[in-house]
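Q: Chains as they are written, first to last, in this note's numbering: chain G, -2 to 344; chain W, -2 to 344; chain C, -2 to 344; chain L, -2 to 344.
Just so you know, the hints here were simulated from the structure itself, not pulled from any lab data.
Don't take each hint at face value.
The list treats identical chains as interchangeable, and a pair is accepted whether it falls inside one copy or across any two copies.
Claimed, not checked - Heads up, simulated DSSO-like pairs for lysine-lysine below, C-alpha to C-alpha not over 27 Å straight-line:
1) Lys(-1) x Lys251
2) Lys40 x Lys219
3) Lys56 x Lys251
4) Lys219 x Lys243
5) Lys56 x Lys270
6) Lys259 x Lys56
7) Lys67 x Lys40
8) Lys(-1) x Lys243
9) Lys29 x Lys168
10) Lys263 x Lys64
11) Lys251 x Lys40
12) Lys131 x Lys243
13) Lys263 x Lys131
14) Lys56 x Lys262
Note that this is a predicted model, so its numbers are computed, not measured.
There are 4 protein chains.
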Amino acid sequence: MKKINVGILGATGMVGQRFMEMLAHHPYFNLKVLMASKDLVGKPYSQVCNWFISREMPKEVCSMLIKEAKPEAMSNNGVEIVFSAVPADIAKELEPKFALAGYKVFSNASAFRMEEDVPLLIAEINPDHLELLKAQQQSRRWPGFIVTNPNCTTIIMTLVLKPLLDNFGIKEVLVSTMQAVSGAGYPGVASLDIIDNVLPYIREEEEKMESEPLKILDADFKISASCHRVATTDGHLEDLHISLAKPVSIEQIKKVLADFGKDFKKLSSSPEKLLIVTDDPMRPQPKLDRLAGNGMSVTVGRIREDSVLENGVKMNILGHNTIRGAAGQSILNAEFWAENNLNYKSI
Amino acid sequence: MKKINVGILGATGMVGQRFMEMLAHHPYFNLKVLMASKDLVGKPYSQVCNWFISREMPKEVCSMLIKEAKPEAMSNNGVEIVFSAVPADIAKELEPKFALAGYKVFSNASAFRMEEDVPLLIAEINPDHLELLKAQQQSRRWPGFIVTNPNCTTIIMTLVLKPLLDNFGIKEVLVSTMQAVSGAGYPGVASLDIIDNVLPYIREEEEKMESEPLKILDADFKISASCHRVATTDGHLEDLHISLAKPVSIEQIKKVLADFGKDFKKLSSSPEKLLIVTDDPMRPQPKLDRLAGNGMSVTVGRIREDSVLENGVKMNILGHNTIRGAAGQSILNAEFWAENNLNYKSI
Amino acid sequence: MKKINVGILGATGMVGQRFMEMLAHHPYFNLKVLMASKDLVGKPYSQVCNWFISREMPKEVCSMLIKEAKPEAMSNNGVEIVFSAVPADIAKELEPKFALAGYKVFSNASAFRMEEDVPLLIAEINPDHLELLKAQQQSRRWPGFIVTNPNCTTIIMTLVLKPLLDNFGIKEVLVSTMQAVSGAGYPGVASLDIIDNVLPYIREEEEKMESEPLKILDADFKISASCHRVATTDGHLEDLHISLAKPVSIEQIKKVLADFGKDFKKLSSSPEKLLIVTDDPMRPQPKLDRLAGNGMSVTVGRIREDSVLENGVKMNILGHNTIRGAAGQSILNAEFWAENNLNYKSI
Amino acid sequence: MKKINVGILGATGMVGQRFMEMLAHHPYFNLKVLMASKDLVGKPYSQVCNWFISREMPKEVCSMLIKEAKPEAMSNNGVEIVFSAVPADIAKELEPKFALAGYKVFSNASAFRMEEDVPLLIAEINPDHLELLKAQQQSRRWPGFIVTNPNCTTIIMTLVLKPLLDNFGIKEVLVSTMQAVSGAGYPGVASLDIIDNVLPYIREEEEKMESEPLKILDADFKISASCHRVATTDGHLEDLHISLAKPVSIEQIKKVLADFGKDFKKLSSSPEKLLIVTDDPMRPQPKLDRLAGNGMSVTVGRIREDSVLENGVKMNILGHNTIRGAAGQSILNAEFWAENNLNYKSI
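Produce the entire structure from the sequences given, and follow the hints as far as they go.
A: Dropping the structure here:
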């Protein structure tokens, strides 16, 4: 397979670093261009990046020089795909420029997620939404395109909702989250705010969890989310309560979850199991389960009846917020696009 | 007011220490007897107690000698009330002996909470349940009695449910907790289990939260609880979702909560406000709010509509688990009994 | 005693909040003026201050309005003393303006600490350094003056060094610190940097610990400091190794430390004991000992021989970094000045 | 190379789990027998082990059945080497039985470390100490033998001291540690003792750090150690102060450290670099550096002059306490023995 050259927008942040780590040794994405804020331009990545990942920075990227965040930065590099890990306000301005310049943008930013002609993609769930790109390219007159992936908590939850929706129908969802500090970027959450503490509010997070899954799933059930920040570094834990459309046994639910994705054609970054179902009452735990499937699996445990909701089931689910919940999903989305040979217009 | 001599069963544990702190300077409870496990008998409290409270151990109790945990330990001390902070299995065996010997036992243990003739008391909510004591004393032939207080998470939640139930009616409750490690006693939760982690399960906790409030409130709505342990030292945070019996505005709810307990006759350990209602979206927080009202108030914040439940409202509530959630409630219960001059049989 | 009106420069920061707490109920300092950055001017304190202290914000100060940080802000308020809790660069510019306008500035900032004519004061140690003020006022033509207090780690250490120096002489000191995150202000240390971690470096901290004690003590022994940041909220723990000028027994050292300050005339904010000497091998601990003496005492434990240094002794010492290590020391210094009726020029 | 069958004594503890992880895929050690406490015998490892490592339990070992901890457990398994990860008191009793039965015991326990005829081995430092085994086997009449590895903090420190001793000579060492909770085993440190806290004492730890390095290095300089427990999961950070025998530049010291071990013949578990020398003032950090060299490297940073000690240098060093500081060193020691074909008597 021919290698595809890629660039990263926002290479030094929390999500940018995960992109770097996953792309440094990717089988067919070839990391060519790192873009970051102006004051870092011209400096080697190892010098400007405050690396947070416990595994060492891949040697291949240490000496790569930062380029300015504009399409011209990539001329003569044969770049085809741009992964975006910049904040929403910057994405709003920059990503269209790259799409206009012909690049395929796979973005982790929220700026365009809810626009009608932009796929909000979880490759394993709604790959057909890539069809939206035709309209997007036509109406916006972009030779390139923008594909987004959902918010971290949404990705983790929607991977669990999808098989339940397909098999049993869903009437209502309540979810209460315990989210890791890496989700707020760096410097993000102040240590004085989180040592011996929990924060009961995360700005704009509940709104995303209550709307994004419905777009992804083409569904219209109601979701009520309560989002909390706890003193974990990585791994979002969610307490999920679901009212199903019909009565089902706990065993049926476990089976449907454990089987989910078995027929999905494995991509390069796909984990062995999409959902890992455990019967251990003490799991999932952020510390022990966030790296399951190299951070690409979601672990589901404590599946039991919810006595309040009609046909109610409750469970704890956990996924790695900056891998499956961000960079990893973006890469998986791009892999799906690339491996299915989707010939949209390109440069 | 004449002082009432009291003893403590289990004086060295987490809850025992809170009893010690609150009773050392109590206006009319006079701490006379400390009882703990056999191997500690005869030693001064300061020597055997691994004191966990950041305020210093009250000087008054440092040199008190530990006595054996049996009714005979109190002879010649004029003790009338025994506060119990021992584990459920020990309480099961010991507390009846004290009741049989004529002592009024106010217990924090779960052993007798759900027995029909035992009051499960939150003095501000169901003081009339003390009426059960007549039957208890008669049928069990106890000259003394046992009054219990609920589980920590239950006390905190039920104080919020009570005014909502009285004013609007409650149809359903879902609650997801983020509980402090002090709730597990000492040594309790291992540091390896909780640094950079959340535990998704607390043994027997959900069962208590789903049953105890109904006994206290003489109600029969359904409760679904999910209990989690987080890396906080003190203060249980709860994410509470309630379906009310009729439509109500958020402002009405806030008013009813803020007004709760205003007409309740203040006891010695009563806080100025039972419930503190805040509009700050970042509150309540364990670190900042657990000591509100000297640990006896419950702080309620993020009160907002729950779009899923019928007439739904959701909010975060927080209380100090070993003060209001344990020793403080027990003392308040005893104060109510004492200050209302309830003349049940005694020694 | 007539009340003395005071103002605070930098009322909203970590140290500013401790000033607020300690001054709200001070017996003779009367809090009149709060100054903070321009964008906060005109707003009530409770609205602009992200309050971090677990005890509630004193009611007296909630509605006080923020004023601009300039001497004119205090006209018509009869203010005599200004407590300064602003960063060094701002202090450098602002504090002289207040001194020039006739105010007595008691500053926690490092800007002027090492200037020859500025007292670096720990009232219990070098009150005679206030004599420097005469020269200061004369040469700088200030009707007011600036008195500084040392860096947090320095204050804690120097309180322990003083009695050892006086009684036995000191040849050398090595100190390794484990400092709380509140020492870095807010937002300060990012949670991603400190959860499950230790930082081996604190900018400019070692330099201060190696120079400030020598100015305070009028001494010239050598100090080697290594400063580390750990995941505690408050309370700096120091591992202290001292080479004394002559052989002394551990018992003599304990006695000298325990007796230190007994003959010092108590000020309003003085703790009962300056140094608390403990024989418990597990003490001092930040969580349990930082509030000793209302945060104004230093706890000393694990006093034992150091086999490497000549006449060597090693020990762990702990103090509250924003109380004794900052605001508390500044207030104590002002109390000493006020209670000794030191009639330097004034407005 | 022919595979060597090995057994593990104490397979379920913190260090036991690291042995399991490193041996599951070892190139020539073949894991045959897991031994643990009696009540676990007959059960599969995955069922009885509370696995703490964030990477998943190796599939190869999940179904292995626990055997009783006695030499007979290994009959018919062709086991030659036994790795021991049991507590000192159990090691004292059990390890000689295995040596007597002809097994080569590589032990992480402290029971026999300081015995004259027992090698206290860091393969890269004192491989010649294996010569002691001849005397050991003869005098104790053991067909097998016992080789021990040092305490975790000692291994990390001694790897840094060795090149300094060889090149410049060492006169004195002072060391202050900030140790991770995994060093105390499981359940080990209670969360109530370490959240928002530091413990200033670790039982018997300072004694080991002050004596073990001298045996390993055949040296007699003095060491003064102060050991502290901080809220990190893995990775011991040490603040090291060394008085060298002659004046040396910081650059010379860095070079000697960076070059250490380059001529040491790589073993299967050897890291690429024994010591990683960094100029980043914010390193080493437990979270970022503990897994350097797969947990087998020691990272050294903040190398600078110590103004107090004669020819003084100070630095921070960090190593993974259960990998390089325990199981990893034991395996490396066994690899050295095996790869050098040391033909001591065997079964």
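Q: For each hint, tell me whether it holds in the structure or not.
A: Hints, verified against the model:
For the identical chains of this complex, Lys(-1) and Lys251 are neighbours neither inside a copy (40 Å) nor across copies (45 Å), given an alpha-carbon limit of 27 Å. When the C-alpha separation of Lys40 and Lys219 is checked against a cutoff of 27 Å, the pair qualifies neither within a copy, at 48 Å, nor between copies, at 41 Å. In this homomeric assembly, Lys56 and Lys251 come within 27 Å of each other (Cα to Cα) only across copies, at 22 Å, whereas the closest approach inside a single copy is 42 Å. For the identical chains of this complex, Lys219 and Lys243 are neighbours both inside a copy (16 Å) and across copies (20 Å), given an alpha-carbon limit of 27 Å.
When the C-alpha separation of Lys56 and Lys270 is checked against a cutoff of 27 Å, the pair qualifies only between copies, where the shortest distance is 15 Å, while the shortest distance within a copy is 30 Å. Taking identical chains as interchangeable, the C-alpha atoms of Lys259 and Lys56 lie at most 27 Å apart only when they sit on different chains, with a minimum of 21 Å there against 35 Å within one chain. With identical chains, the CA atoms of Lys67 and Lys40 are at most 27 Å apart within one copy only, with a shortest distance of 16 Å there and 42 Å across copies. Taking the shortest Cα distances, Lys(-1) and Lys243 never come within 27 Å of each other, neither inside one copy (48 Å) nor across copies (60 Å).
For a Cα distance limit of 27 Å, the shortest separation of Lys29 from Lys168 qualifies neither inside one copy, at 46 Å, nor across copies, at 52 Å. When the C-alpha separation of Lys263 and Lys64 is checked against a cutoff of 27 Å, the pair qualifies neither within a copy, at 33 Å, nor between copies, at 40 Å. In this assembly of identical chains, the alpha carbons of Lys251 and Lys40 lie at most 27 Å apart only when taken from different copies (26 Å versus 50 Å within one copy). For the identical chains of this complex, Lys131 and Lys243 are neighbours neither inside a copy (37 Å) nor across copies (48 Å), given an alpha-carbon limit of 27 Å.
Taking the shortest Cα distances, Lys263 and Lys131 sit within 27 Å of each other inside one copy (25 Å), while across copies they are farther apart (57 Å). Taking the closest pair of Cα atoms, Lys56 and Lys262 come within 27 Å of each other only across two copies (24 Å); inside a single copy the shortest separation is 31 Å, beyond that limit.
In this structure, the earlier hints numbered 1, 2, 8, 9, 10, 12 are contradicted, and the remaining ones agree with it.
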